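One-letter residues, chain by chain:
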Amino acid sequence: MTSRRVFFTFEITEESHLLHAYRERGGYQALEKALREMQPAEVQAEVAASGLRGRGGAGFPTATKWSFLAKGAPVYYLCCNADEGEPGTFKDRWVFEHSPHQLIEGMLLACYALGVRHSFIYIRGEFDLSYRRLMHALKEAREAGLLGDSVLGSAFSCQIIVQQGAGAYVCGEESSMLSSIEGFKGYPRNKPPFPAVKGLYQAPTVINNVETLATLPWILAKGGAAYAKIGTEKNSGTRLFGISGHVQRPGMYERAIGYPFKKLIYQDAGGIAGGKALKAVIPGGSSTPVLTAEDIETLTMDAEAVAAAGSMLGSGGVIVIAEGTCMVRLLQVLTRFYAHESCGQCIPCREGTAWMNKIVARISEGRGVAGDIERLEGITTGIMGNTICALGAAAAMPVASFLIKFRHEFAYFIEHGRSLNDGRLEIKI
Amino acid sequence: MIELTIDNKAVQAEPGETVLQAALRNGIEIPHFCYHPCLSIAGNCRICMVRIKGRPGFHPSCNLPAAPGMEIESDCSDVNAVRKSILQFATLNHPADCPVCDKAGECRLQDYNFKYNGTPSPSIEPKRRQRKFYQINSRIMLDRERCILCSRCVRFTKEISGSGLLGIVERADQSRVERLEQGGVEDPYSDNIIQSCPVGALLSRDFLYKSRVWYLEPVASVCPRCSRGCSVEVWRRQKQWQLRAPGADKNHMAYRISARENPEVNGPWLCNQGFDLHQVINDSVRALAPRLAGAESTLQDALAAAQRLLFEAEKPAAIVSAWGSNEELAAFKSALGSSLTVYTRADREPEAGEVVEDQLLIKADKNPNSYSVEAIFGRRPFAADAGHDVVLVWGDLVDYASLGSAKVIHLATLEPAAGRPAEVLVPISTMFERTGHYTNFEGKVNRFEQVFEKPESVLHAGDLFGRL
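The listed protein sequences derive, respectively, from chains L and B. Residue numbers for the first sequence follow the working numbering, beginning at 4 and rising by one. Residue numbers for the second sequence follow the working numbering, beginning at 919 and rising by one.
Source of the hints: derived by calculation from the structure; they are not laboratory data. Source: prediction; values computed, not measured. Each hint should be verified, as a subset may be incorrect.
As the list claims (entries may be wrong) - Now the in silico label distances, taken between C-beta atoms and shown as ranges:
{"id": "1", "chain 1": "L", "residue 1": "P195", "chain 2": "B", "residue 2": "E1088", "range": "23 to 31 Å"}
{"id": "2", "chain 1": "B", "residue 1": "P1044", "chain 2": "L", "residue 2": "E185", "range": "34 to 42 Å"}
{"id": "3", "chain 1": "B", "residue 1": "N998", "chain 2": "L", "residue 2": "G277", "range": "50 to 58 Å"}
{"id": "4", "chain 1": "L", "residue 1": "V372", "chain 2": "B", "residue 2": "C956", "range": "44 to 52 Å"}
What the hints assert, rightly or not - In silico lysine-lysine, DSS-like type, Cα no more than 30 Å apart, as pairs:
{"id": "5", "chain 1": "L", "residue 1": "K188", "chain 2": "B", "residue 2": "K1076"}
{"id": "6", "chain 1": "B", "residue 1": "K1251", "chain 2": "B", "residue 2": "K1233"}
{"id": "7", "chain 1": "B", "residue 1": "K1045", "chain 2": "L", "residue 2": "K361"}
{"id": "8", "chain 1": "B", "residue 1": "K1002", "chain 2": "L", "residue 2": "K408"}
The C-beta atom is built at its ideal place from N, Cα and C for all residues, glycine as well.
Extracted from the complex, chain L is given alone in its bound form (with noise of 0.2 Å):
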C-alpha cells in the first residue's frame, strides 16, 4: 500500500513513529539543510513555489497565509490545529500515530520561516495514542537537540507546547482553538482582528493544520518546484483522504490530487460493502454537501472540481453512503452531532441548530408534518453567513443539500410516517 503514497513513504510498523525509524528514511535532513543552508525568507518563498493549500478545509494558500502576518510585531506565535473533530476526518490523527516527527520537523521548519520561538500543538482531547506519541517524540527530538534551545547547534531555539482539548469540536475552529490555549471557554472570536494580526495572547499568529505542517519537510528537502508538479495545476501536492462508511476497506489513502473519486472509492476502498450501489458521497468531512452517485461518476478529487459539482473536499474526509440507506435517518446524526456541537455563543447557530435537530428528529420519529422541509431551509438560510464562526454554516450546509438531493425521501417520511428504505444506517454484509 506504501507504494501510491508520495509524502507519506513508509512501510508502518510498530516503530514507525520512532525517531529512528523517521531519521532512517531521511527524516530531519530538510531541517538541517534549512537551518544551516537558508534564510527563512527562502524557507518561505519555497513554500511559497510549492503552491502548498491549507489541509485543514478551507484551502487557502499556506505561504500567503504566512504573508498575512502582521509586520514588526516583537512575538509571533504557530498553531498547529490538531483538534481533528470533523466526523469523517482521521487523517492527522493517522500523522500522530504513524509519524509524529514529520509534523515536529515541520513545525520546526515553519517556526524558522516566521521566526517564531513558542509553538503550540492543540491536540483533540479524545486522542490517546495520538498523544502519547506525540509527548514521546517531542521527548525524543528534544534529547537529541532537534527541539528547544540552538536547535542542531544553530542560533535557532524553538519550543513547542502541547495543548490538549476537552471534547469541544467548535475548538477546532482557529479562533476558538486560541481562546482554548489561552484558558477561556472556547468561544470562536469575531473577526477582525484575524489571528493573522491579533491572535494568541495577542500576538500575530499562524494556525496551520497538521497535514499542511507534516507536508513542508518534503517541500523543503525536494524543493517547491518538485512538490508543484504533483497534483493539478491549481491545486498541487497529495492529501490524505480518510475514506469510511460504507466501503470494504475504509482507511487512510494517500493520494494525488487530481486522482478520480471513483477510482478511490471502488478500486483502492474495494468497492462499497456488501457488494450494494454507491448512493450518495460526502466529499470533505460532515459538514460537506453531500453529493449523490451521479455526481462523483467523474469527479476528481479537486477543490475546484468539487466545488464546481456543489461541494467541497473540506478535510478530505470521504463519507460513503451505499443505497438503502435512509437519508432522513442519516440527516438526524448529523444535526443531533452540530446542536450538540454549536457553542452558544451566537443567536443564529445556537437556536438554528437545536431547531433543525428537533424538527429533522421528529420527520425521522414519523410525526413530521407538511411544511417542515420549507421551515428548515428557512433555518438554513437564516444561519448561513449570519454566524461568528463557521460552525452555523457546517451545520446548515448537510441540511440544504440533502434537501436538494434527496427530498423526495423527506417528502416520503413526512408523508407515510416511515422511512422510504429500510431504516436502517448501518448495513449488512
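Dock chain B against the given chain L, drawing on the hints supplied.
Positioned in the frame of chain L, the structure of chain B alone reads:
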C-alpha cells in the same frame, strides 16, 4: 475623520470607531442587543448585521471598523430579512410573556420584533422550559426563558464592577447565565445589569410587578447619596395616569431609579445605593409641620420666632447644609452670610455596612454638594465652645447635644430625632421638590429637576433666608 456613507447619508466617523458607533452617533438606528458602548464587543446577537456595497455577505456593524469610502446599507430588504430571521431565532424559545413582563414597553426584543419581524414564529416545536425565578442575589432575579444570552451582564460583572458574579455555563442551547461560586459575594453595582439587560431576563425584585413602565415617566435628577453626584432618572407616575383614591399616594411616589448617561460623571452606570434612592424618597419621615419648642405652630409664627431669636442673639451662628443646592447656598450667603458666623457640616456620614469608597463611582463623602459649600464657606466644623447663643442649623441628622447650650433654629426636611426639641423647627423642601444644581467632588455641575410638588406646609430653603 473618516468619511463614509450609511444608507446614502454621508457620515463622519472618528478613527477607531465602528460602523455601529458612527451610525448611532449620527442618529441612524441600527438594531443591537449585545453591543454596549462601555463593554467589550461580543458580537453574539447578530442583529446589527449590515451590508457593505461591493462586498459579499453581511457584516456585524458592531465589529466593523469604519473605513474611508465605505458604503453601508443598513435599511434594505435583504438586511431586514436577516434581522427577521435573527429575531425568529431569538424568540424561538422565548416565552413571549410580554403581558406579565416588567420589561414590556422598554424591551429591545419587543420593539425589534414588532419593527422587523411582525409574523408569528414559524416553529411548531414545544418551547424549551427553563428556570423562571433564579435568584442572582438578594436584589435580582433571572428569568432564563427570556434570556437571549447577549452576555451584557456577564461582561459588566467582569469588566466594569469586577465582581465576576456571573458567567455563562454549558454550551449550545444548554447555555445559561449562572451565578459563579467563585464570584464576589455582593456586587455593589449589580443593579446595572438589570438596566442594561436588553430583554426582560434580569428583574429587579424591588420593582417586580410594581407598575407597567408606560404609566411612568423619568425625571432627570442627581443622586445625593455621595459626592460623585451621579446623574439619575427618578420615575414618577405620568399626569394622565394619576390614580384617584384609593391608592392616590402612588401619585407622589418614586417608582424606581435608573442611571442617566453622563459621560463626565458616571457614564451609564450607577451604584446600588443610587438604585435604592426611590426608597429613601418614599420611606423618609418628613418634617411637615412648623414647631415652636415641640408644639405645632404656623409658618408665620415659626418664622417670626426665628427672626426674633436671631435679632436678639448676641453671638448668632449658622451651620450650612452640604445638601443645599448651589442656588440655595448663594441665597444663604447673600442674605445671612455677613451677619452670622458660618460653619459647615457633613449631613450624612457613611452608615454601617455601606461601601465607603471604591475605584468606580462611590465616594467617601456621602453628601452631594460639599464642593460648593467648601468653595463658598471653607471647611469649618462647628465649635461648641465658641459661645454662640443661637444657632441656625440647616440640614438633617443633627444631634442638638453637639451644639452645646445654644438655642436651635432648625431647617429640616426630615423629622428630627426624639429628645430635646429645637426652639424653632421650620420644615423645608427636599431636592426632589425643587430645581437646582449640585457641584460634585470634581467640580462638575449637574442639574436636577423638580420631581414632585412640595407639600404646602413646607418652604423652599432658598426663599426662606431672605425672610430671617
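Structure-based check of each hint:
As the Cβ distance of P195(L) to E1088(B) is approximately 29 Å, the hint placing it in 23 to 31 Å holds. For the pair P1044(B) and E185(L), the beta carbons lie near 39 Å from each other, so the given range of 34 to 42 Å is met. With their beta carbons about 51 Å apart, N998(B) and G277(L) fall inside the hinted range of 50 to 58 Å. Between V372(L) and C956(B), the C-beta spacing of about 47 Å keeps the proposed range 44 to 52 Å intact.
Taking the CA atoms of K188(L) and K1076(B), the gap is about 14 Å. The hint holds against a cut of 30 Å. Pair hint K1251(B) plus K1233(B) holds up; C-alpha atoms about 18 Å apart against a cutoff of 30 Å. Annotation: proposed proximity of K1045(B) to K361(L) holds, straight-line Cα distance about 11 Å (limit 30 Å). For the suggested pair K1002(B) and K408(L), the alpha carbons sit about 27 Å apart, so the restraint of at most 30 Å is met.
The structure agrees with every numbered hint stated previously.
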